[in-house]
Amino acid sequence: MADLTSEFLGIKSPNPFWLASAPPTDKAYNVNRAFEAGWGGAVWKTLGEDPPIVNVNGPRYSALHSNERRVIGFNNIELITDRPLGVNLDEIRQIKKDWPDRALVVSIMLPMEEKSWAKYVPMIEDTGADGFELNFGCPHGMSERGMGAAVGQVPEYLQMATEWCKKFASIPVIVKLTPNVTNILPPAGAARDGGADAVSLINTLNSIMRVNYDTLTMYPTTDGMGSHGGYCGQAVKPIALHMVAEISRHKDTADMPISGIGGISDWRDAVDFLALGASNVQVCTAAMVYGFKIIDDLTDGLSNFLDEKGMSSVEELVGKAVPSVTDWQYLNLNYVEKAVIDQELCIKCGRCHIVCEDASHQAITSQVNGERYFEVIDEECIGCNLCVSVCPVDSCITMQRVTDGIDARTGQPISKEVLNWTAHPNNPMRKQS
Amino acid sequence: MPKDNNAAVCSRRLSDEEIARNFSDMHPPLGRAEALVEADRCYFCFDAPCTTACPTGIDIPGFIQKIRSDNIAGSAHTILRENIMGGMCARVCPTEVLCEEACVRHTHEDKPVNIGLLQRYATDPVIDKNITLFERGPESGKRVAIVGGGPAGLSCAHRLAMFGHTSVVFNRDEKPGGLNEYGIAAYKTVNDFAQREVEYILAIGGIEVRNNVSLGEDFKLSDLQGEFDAVFVGFGLGSVNDLGLANEDVEGVLNAVDYIAELRQAKDKGNLPVGERIVVIGGGMTAIDIAVQTKGLGAEHVDIVYRRGPEHMGASRYEQEFAQTSGVKIRHWARPSKLLTGERIAGVEFERTTLDKDGKVTGTGEYYSLNADMVFKAIGQSVSEETLGAVTGTLDMQSGKIVTDDHRKTSLPGVWAGGDCVYDSDDLTVTAVQDGKIAAIAIDKYLREESNNG
Numbered sequence: 001m002a003d004l005t006s007e008f009l010g011i012k013s014p015n016p017f018w019l020a021s022a023p024p025t026d027k028a029y030n031v032n033r034a035f036e037a038g039w040g041g042a043v044w045k046t047l048g049e050d051p052p053i054v055n056v057n058g059p060r061y062s063a064l065h066s067n068e069r070r071v072i073g074f075n076n077i078e079l080i081t082d083r084p085l086g087v088n089l090d091e092i093r094q095i096k097k098d099w100p101d102r103a104l105v106v107s108i109m110l111p112m113e114e115k116s117w118a119k120y121v122p123m124i125e126d127t128g129a130d131g132f133e134l135n136f137g138c139p140h141g142m143s144e145r146g147m148g149a150a151v152g153q154v155p156e157y158l159q160m161a162t163e164w165c166k167k168f169a170s171i172p173v174i175v176k177l178t179p180n181v182t183n184i185l186p187p188a189g190a191a192r193d194g195g196a197d198a199v200s201l202i203n204t205l206n207s208i209m210r211v212n213y214d215t216l217t218m219y220p221t222t223d224g225m226g227s228h229g230g231y232c233g234q235a236v237k238p239i240a241l242h243m244v245a246e247i248s249r250h251k252d253t254a255d256m257p258i259s260g261i262g263g264i265s266d267w268r269d270a271v272d273f274l275a276l277g278a279s280n281v282q283v284c285t286a287a288m289v290y291g292f293k294i295i296d297d298l299t300d301g302l303s304n305f306l307d308e309k310g311m312s313s314v315e316e317l318v319g320k321a322v323p324s325v326t327d328w329q330y331l332n333l334n335y336v337e338k339a340v341i342d343q344e345l346c347i348k349c350g351r352c353h354i355v356c357e358d359a360s361h362q363a364i365t366s367q368v369n370g371e372r373y374f375e376v377i378d379e380e381c382i383g384c385n386l387c388v389s390v391c392p393v394d395s396c397i398t399m400q401r402v403t404d405g406i407d408a409r410t411g412q413p414i415s416k417e418v419l420n421w422t423a424h425p426n427n428p429m430r431k432q433s
Numbered sequence: 001m002p003k004d005n006n007a008a009v010c011s012r013r014l015s016d017e018e019i020a021r022n023f024s025d026m027h028p029p030l031g032r033a034e035a036l037v038e039a040d041r042c043y044f045c046f047d048a049p050c051t052t053a054c055p056t057g058i059d060i061p062g063f064i065q066k067i068r069s070d071n072i073a074g075s076a077h078t079i080l081r082e083n084i085m086g087g088m089c090a091r092v093c094p095t096e097v098l099c100e101e102a103c104v105r106h107t108h109e110d111k112p113v114n115i116g117l118l119q120r121y122a123t124d125p126v127i128d129k130n131i132t133l134f135e136r137g138p139e140s141g142k143r144v145a146i147v148g149g150g151p152a153g154l155s156c157a158h159r160l161a162m163f164g165h166t167s168v169v170f171n172r173d174e175k176p177g178g179l180n181e182y183g184i185a186a187y188k189t190v191n192d193f194a195q196r197e198v199e200y201i202l203a204i205g206g207i208e209v210r211n212n213v214s215l216g217e218d219f220k221l222s223d224l225q226g227e228f229d230a231v232f233v234g235f236g237l238g239s240v241n242d243l244g245l246a247n248e249d250v251e252g253v254l255n256a257v258d259y260i261a262e263l264r265q266a267k268d269k270g271n272l273p274v275g276e277r278i279v280v281i282g283g284g285m286t287a288i289d290i291a292v293q294t295k296g297l298g299a300e301h302v303d304i305v306y307r308r309g310p311e312h313m314g315a316s317r318y319e320q321e322f323a324q325t326s327g328v329k330i331r332h333w334a335r336p337s338k339l340l341t342g343e344r345i346a347g348v349e350f351e352r353t354t355l356d357k358d359g360k361v362t363g364t365g366e367y368y369s370l371n372a373d374m375v376f377k378a379i380g381q382s383v384s385e386e387t388l389g390a391v392t393g394t395l396d397m398q399s400g401k402i403v404t405d406d407h408r409k410t411s412l413p414g415v416w417a418g419g420d421c422v423y424d425s426d427d428l429t430v431t432a433v434q435d436g437k438i439a440a441i442a443i444d445k446y447l448r449e450e451s452n453n454g
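Chains as they are written, first to last, in the numbering used here: chain A, 1 to 433; chain B, 1 to 454.
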């Protein structure tokens, strides 16, 4: 059995799965239930100054559903905690006392004034919490007040606030990044420059879920009006993975520990984040959609996976896939793959044919000798993977490398030499050898 | 000799509640949540095999896609534009040997998409709420006579109306609908669906229905040729094949189709007299329908006896299993050799059968008897003698049925035919609807060319 115990910035937890700062970590009652269910840690829902903020009394959440009404995307306009600071601090202190083996980090959001940080940071640290997470990501409501994503989108502000927090904190400080930026590296670099011990990402994305088809207003609304929310859930995972990988592979940020967040629903999602450089992961939407019980699959799924891979700890997996991520310009343009359809597995739905016909390179037959038959035409196949993506049968269509002979499409011999864009003859800026 | 058990034939064998349950919807409709999940199972195949397998060529992935997006009117239009009786076909089509057999999910996981119920999900609201999806074309001034008010005739009339032609439907029965109204098991078309569908079809306008008139008795084909610009005949099969045994007219030996018609029209099904022991002779859908329905009325023992094996039966495997799980016993490889009678029917003697070297059914010389207080004949139907007399010598016929070309045109200029009465029919509602549609398209072409030439 692989060892799932985790140590992130010296904060220990029995597994690398923390609940992200969000509604499920708003109160002792929920966090107790989460720890009973087996969660490794929790980031307490963001605390702010007293008096607490006020939430709307109408819909806070809405979902993007599949036809089976599975939630694939999720939106919220809830603000930070709306409970008095004292109540939260008492509960945090008690939870840490009751669950000494679990990670308990506190998310905070404070105005851009040093005195506020000087006042609240020591007060919160006094609860015995293991660390801080700075909420520079919340994209709705709080950002209108110059906090949350409004800070995270300006690297200078982000750095300044990080420095203030570090100045008054003796426990680790994690900076939670907003994905509502065009490039994640400047805010990540600012966090590092401000002295952050780690970054966590992503927070939610600006979003409007849909329109109400009866009223032709946005949906949902509060008394007829709506406001954009923060988008999360499975649908955002690829966006999060890209940002995690960017930080992992960029030399200036590569050694900064990452807590991965964004659409983690099962253990495979966790593998994605860990392999792309996150040292642990945080989960919210899946718990909001299914309850805390999903931790069972997350932990033993990951454990079984590590066993299968012959890895004895989570650490061995961290960053494994990072070296495979590069810029497009370094991809080998002499490498050739073609799709191959396994006729034993083919159910003859013809999806591969029609997408190739309509949207790609007319490289799949619909009939052979008058019979319904789907087969790749190597002379046309550019190896784009579209057919693999749409085939409803797992492993029926595979991409196979062509290593020898002539590429039937180009008529050119397959070259074993690596040739990327930087040296390609068609590149006017190519590096001369 | 089995005893005369006349007293065993009686009405009200079961309580009203039991009968209501036995004749409730065979396949309850899908709710929205179920329909969305089922619709999601459709792979949206290219050149979909289900569509190819549908005699009316409904774009099945197309209508299912529209269910997924809650575009129910669009979905129904996709169905009904190819098959105006898509609602009835959703209920009675042997989907297990048509669209659903061809579904690639069959290959993938032995469980096809439930196309029949999805089709019903899409079409029911259109009939229930009388949503107009088709409009009558600009008046052409052409008039078409349609003989027969069943699926073929009504399908033809509706398509002709879309083209702007007027039609008069000459219908033998009291109500239009043909076998949809009189011949299909009640639990397949509950809540008077057949009539509601007919009303929906007629609502397009330009279709006049004249009931209680029969070809050969009330009018001749030549009358119609004189009065109308074109004629479509779809009079179905009005007569039931006999067993060819002595005493067939004894009390208690009945035509399955007559009893089913009576049952379909009965206001109170419990009033219908039914025996304790029923024997049904035949192997098609009619045999299944009469067997299951008499069982549903409270018959104790219902046996279907068929002269060949299960694989030869006209009823699909699914239908056979449905009968068996409804408490009907199906006996294969026996044919009736003698009706055992007293004052009325008392039983049937059967000879066991086998196939000879040439694959023909032959008796083995072994016999057994079944007691019966009711015997139903369900060994096929044919064009009635009166109707046959009215067309023989005028239209080319083969084996007592009308010969047509691919466009359902008969040998007689200006006359088309479709449905069960044509030679290459397969006796399915869906095929009759397609015949009517094909013929209407051909008739429209003919009428337009005629106008242009004239």
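Hints were generated in silico from the structure; no laboratory data involved.
Please note: incorrect hints may appear among the correct ones.
Said to hold, decoys possible - Think about it this way: if two alpha-carbon atoms lie no more than 20 Å apart in a straight line, the pair counts; the simulated EDC-like pairs of lysine to aspartate or glutamate are:
no., chain 1, residue 1, chain 2, residue 2
1, B, K111, A, E68
2, A, K348, B, D47
3, A, K348, B, E208
4, A, K348, B, D110
A quick look at each hint next to the structure:
no. : hint              : verdict
1   : B:K111 <-> A:E68  : 18 Å, holds
2   : A:K348 <-> B:D47  : 10 Å, holds
3   : A:K348 <-> B:E208 : 46 Å, violated
4   : A:K348 <-> B:D110 : 14 Å, holds
Checked against the numbered hints given earlier, the structure breaks only hint 3 and satisfies all the rest.
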